[in-house]
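Listed in order, the protein sequences are those of chains V and P. Taking our numbering, the leading residue of the first sequence gets 1, the next gets one more, and so forth. Taking our numbering, the leading residue of the second sequence gets 1001, the next gets one more, and so forth.
Think of the hints as simulated: they come from the structure by calculation, not from any bench. Careful: at least some of the hints might be erroneous.
Footprint (simulated), chain P over chain V, 3 or more residues, beta carbon under 8 angstroms [unchecked claim]:
1. 24 to 32
2. 81 to 94
Here are the computed lysine-lysine pairs in the DSS-like style, where the Cα-Cα straight-line distance is at most 27 angstroms [to be verified]:
3. V:K58 / P:K1229
4. V:K89 / P:K1320
5. P:K1229 / P:K1304
6. V:K4 / P:K1253
7. P:K1321 / V:K4
8. P:K1321 / V:K89
Backbone N, C-alpha and C fix where the C-beta goes; we use that ideal spot for every residue, glycine too.
Single-letter residue listing:
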Amino acid sequence: MSTKSIMIVGVGGQGTLLASRILGNLAIEKGYDVKVSEVHGMSQRGGSVVTYVKYGEKVHSPVICQGEADIIISFEELEALRWLPYLKKGGKLITNVQQIMPMPVIIGAAEYPRDILETLQKEEVDLVSVNALEIAESILNSKVTNVVLLGVLAKYLEFDKQDWVDAVLSTVPEKFREANEKAFLAGYEQ
Amino acid sequence: MSKRLMIGNEAVARGLYEAGVKVVSSYPGTPSTEITEFVARYNEVDAEWAANEKVAMEVAIGAAISGARSFCAMKHVGLNVAADPLFTVSYTGVNGGLVIGVADDPGMHSSQNEQDSRNYANAAKVTMLEPADSTECKEYAKLAYEISEQFDTPVLLRLTTRIAHSQSIVEECDRVDVPLKEYQKDVMKYVMMPGMAKKRRLVIEDRKDKLVEYAETSGINKMEINDTKIGIITAGAPYQYAKESFPEASYLKLGMLWPLPVDLIKEFASKVEKLYVLEELDPYIENHIKAMGIEVHGKDTFSKFGEFSNVSVREAISGKKDEVTYPDYNPPMRPPVMCPGCPHRGMFYVLSKLKLVVSGDIGCYTLGAAAPLSAMDTTICMGASISAAHGISKANPELSKKTVAVIGDSTFIHSGMTGLASTAYNKGTSTVIILDNSITGMTGHQQNPTTGKTLKGEPTVAVNLEKFAEAVGYSRIKVVDPFNVEECERVIKEEISVEEPSLIIARRPCVLLKGVKYDFDVNIQKDKCRNCKMCMKIGCPAISLVNGVPQINKTLCTNCGLCKNICKFDAITL
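The whole structure should be built from the sequences, with the hints applied where relevant.
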């Protein structure tokens, strides 16, 4: 198969790294070559963060460039808009409907764009929007939002549901296993 | 043997473990930090955080001379700090193997400059290896010890951000226990006075010749001959970008960056029609090839700065822009910010309010330079805050009256202590503020000599900052809580007005530390809020205007209560 390129984007602190770890581990289990890339450090302090996950027979470059992503999964609306140019024409864009104000908006130097979802729809993107935060809070708390979103993503990849559940369970701490499994399944059934 | 995903830094750590390394001493710095954090998990390795990179390298040098395989890690700018020992350990050589990990940051994801460490290898005449994925990170770390011991040389292991922080598959092997090599006193080799150094200088030249031979023949620099229309000489992450964009091209992939081969490059150049050298940052390999009189395309085709990618390489070589799939809406930027609950915020609010000139430093608090706090005038390098503030006070008495230096606890230990001693000694009058949040924050929470804990989490002695300042000649030393903004304002005003050197220690732990929890429930009382927007001036990500009125985002809020101390109408309650 040709390499699958998936981008996980969001705001520093939203738990995008865990989602990439679970997906990466699952792809290895299935015998693929895998590369995962993210930038640690300064940008993690509430900045815009991006993780690239690529798997296939042989993966060289760890990065995904403009127009190369098969799927983008965004933890926040503004970030979905920011990373849109990285999506392949007709690619799938999954976004959480949560909005987190960036500092330039908070201090009045910029405006948070209105109607992001409508804008994305007009671009003829294969758009899936989900209120993952609400689902997460109904299960445990906002901390499992990332696994809800992973559940949504899982539907559009070729791995079996049970393999996903196993990958989630083997990655999260024991005392949160039940909540994370529920969160994953809730996302999967969206 | 298990196979799993590892970031390059973890793979280096695994390589150190498998190579039988005994001593590791480092100073944290993105993107190098995780090497030392991962290697500290192995009981067989004695790993520690040193006060700075120079100390770290000297510890590793001592360990190597005494017979053990040893290692130190740092980011590119850390190698500037450790450059002094680097240049001379090249003369002495080693006993047990010595490897120095250095991580460059093309594109400056987390750095104040974009320097290219390969120039250090050339200048100090120290062998340098550069891996291109996590598998090579582990393999090259092990190979570096063989080279170090075979050629009696320190070895630089160069990473870049994209290699250090990308995960790829690594197969684990067992550790080889390497016994201590016998130590023998050898003044001619290890005491670098002029007489001895002159003799060792010759040894370096002889060693270089042997290393060039190794670079030509050992296989670490590999030719891949495919379609010969295009030939690309490259190393590290750019090799991966090129392989993805031009899988059919021919390659000379370099694993050893100093010394560079000569015959191998000539042979490769003769086999291909058009020769490119693909390297981020400086034209380091390009200059070497051009000095050989070979025609090659390098910085005339590719960028002189920043990080490359699959697309940037493809576009540069093909001369054609990729098709745009979706438009860029140029959404508002989302720069990094101080976390909600950050103890630095209170102090920066006061510095901003007093409109002081702030001589800044390197750490989380550098984010105090951003709006709305905007309370920083300079940031140069680790420790510069204190010395530069002293320089300002010597040069410009008017400016001096409204200048303070701000520096974190770890940065103070790294290279602020010397500046403080120098300021008192030279009859300085500047005011220094140590932002003591009990941890090395920006690099992701590392212990340091002020925290009372070692890298391995064991309790140990802690530097007493107050006593240190007293010992170097400070008599005005105040400790404040950065969330008590009234006290901070009063003390700062007092201290900048006196004609004496003074130290203010703003002490409150980082909100992300385990055990730091605020048991309040911070709310804005709508009936009392007069919408003066004072609370917006602290730049807390958890407070934003909703329909023109400040509102607390309960998901982000840490209930630290700083905003309550700012509100003049008691509209914010705990």
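Which of the stated hints cannot be reconciled with the structure, identified by number in ascending sequence?
none
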